[in-house]
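Visitor: Spelled out from the first residue to the last, the chains are:
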Amino acid sequence: MASESVARLIEQLTKLPGIGKKSAERLAYHILRVHENEALGLADAIRDVKQNVCYCKTCFNLSEGETCAICGDATRDRQLLCVVEQPRDLIGLEETGAYKGLYHVLLGRIAPLEGIGPEQLTIDALVERVRAATVQGGGFREIIMATNPTVEGDGTALYISNLLADIPVQITRLARGITTGSVLEFANKEVLTDALSGRQKF
Amino acid sequence: MSLEKATAIVLRVVHWSESSYVLTLFTRELGKISAVAKGARRPKGPFDAALDLLALCKVVFVRKTSGALDVLTEAKLVRCFRVRALGLGALNAGYYVAELLNELTDEYDPHPVLFDVAEAALLRLGGAAASAVATAAGAIAPAAEVLRFELLALRELGYLPTLEECVECGRPVAADGRVAFGLLSGGVLCRDCRPGKRQVVSLSRQSWQTLVAFARPDEAWRQTPLSREVRGEVRGAMGQFIAGIIGHEPQVAAYLER
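Chains P and S supply the protein sequences, listed in that same order.
According to the working numbering, the first sequence is numbered sequentially starting from 2.
According to the working numbering, the second sequence is numbered sequentially starting from 4.
Among the hints, erroneous ones may be present.
[Claimed, not checked] Pair by pair, the computed Cβ-Cβ distance ranges are:
#	chain 1	residue 1	chain 2	residue 2	range
1	P	115	S	49	49 to 57 Å
2	S	106	P	70	39 to 47 Å
3	P	203	S	49	29 to 37 Å
4	P	98	S	66	24 to 32 Å
5	S	66	P	65	48 to 56 Å
[Unchecked claim] Distance condition first, Cα-Cα at most 27 Å in a straight line; then the derived DSS-like pairs of lysine-lysine:
#	chain 1	residue 1	chain 2	residue 2
6	S	8	P	190
7	S	67	P	23
8	S	67	P	190
9	S	41	P	23
10	P	190	S	47
11	P	202	P	101
12	S	41	P	22
Derived by calculation from the structure, the hints in this document are not laboratory data.
Predicted model only: the values in this text are computed from it and were never measured.
In this text, a Cβ means the ideal position worked out from N, Cα and C, and glycines have one as well.
Bound conformation, chain P alone (with noise of 0.2 Å):
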């Protein structure tokens, strides 16, 4: 039988997506085993990430301070404005080096079936920055609706844009269709009806 400092952690991990109580058990022997000092970086890190990030003020990114790295970078195109679902979203785009404009997370998307409305999420503080820049007369060009593909994240899109309607702004979503690499003989008829609905100039 664990001891009871051990079963407390077990019990912790357990809290964890994707742990079952097997691995809860794998990972607090593991951390009893290693260096000390190796165990006491996890609690550190844990500790340091709960009291140091917050949101930020302006674009509900994960940030360190009041203001995240993105909405401080002065080289970034500012007229350019790209709203994702979730920080881990962002990332992604962010891994792609192919867009240099700023972002807003939502933090979600609008759920009814899960009693998730749009009073939830960061859609009111969007609409104020974006009506904010263009009254400041700095707006934003385009706004890209990089929310995921899918009736929820459409939902939100298109509600958001209906918010947006009376502000002199473009406002895209991004492209959808056949993935690369695959062919059009194995592709579902929606992808192909999307992929030329969506069809661009060489």
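Based on the hints, put chain S in the right spot on chain P.
Guide: Frame of chain P; chain S shown alone:
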């Protein structure tokens, strides 16, 4: 354990672990099922892009007899729900159809007629041709689709309120003035039966006639206008009636056009 094939509408998608979903599907052949789709969030796999809300798909799954979740092994998309076709009103109507199917049906209790009704409603609300339909003359508004679906679903499941005669005595209700709709009684009440009944909603004559037209199996509902006043009154009455059946107000009801 047996391998089953079915045509399904995706009613609910819950993220489970890093790459999997737990799904609630309404199948034509077997009724509602709950299944896990392992690895469904990975870009490549046997699930195509089929496991999105309100999508119509062909599925293959392993049926568990022990009460555990079924295991989805394959899904092929037949038709996805296109959000932008008719706008947010249609999307919320689609969500509502999914919620009612989920709340009103039991697992492994097939209702092929209800499935066909739901499939047709979702096609009109979010099919690829929905935007073309929207611009055509006589297009059906999402509010009308919702009301029609509600009443047909209630009919198919045996919950349809009695609308054309008094639910208590069977006599015709007076066609002049307002009509009493007894939520607990399960239908309209004549003036003689109305006194003493609890939870009674008062409907205008026009709202009552709208309910009657939309509940009939024929296509009379298509010729019945749904004005803003009637829509609000009917929505309120149907919302309360359905809440009485499922034990709570549907979550999506707050998003429906009134």
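Visitor: Hint by hint, say whether it matches the structure.
Guide: Status of each hint after checking the structure:
no.: 1; hint: P:115 - S:49: 49 to 57 Å; result: 26 Å, violated
no.: 2; hint: S:106 - P:70: 39 to 47 Å; result: 46 Å, holds
no.: 3; hint: P:203 - S:49: 29 to 37 Å; result: 34 Å, holds
no.: 4; hint: P:98 - S:66: 24 to 32 Å; result: 47 Å, violated
no.: 5; hint: S:66 - P:65: 48 to 56 Å; result: 50 Å, holds
no.: 6; hint: S:8 - P:190; result: 21 Å, holds
no.: 7; hint: S:67 - P:23; result: 24 Å, holds
no.: 8; hint: S:67 - P:190; result: 32 Å, violated
no.: 9; hint: S:41 - P:23; result: 20 Å, holds
no.: 10; hint: P:190 - S:47; result: 17 Å, holds
no.: 11; hint: P:202 - P:101; result: 23 Å, holds
no.: 12; hint: S:41 - P:22; result: 20 Å, holds
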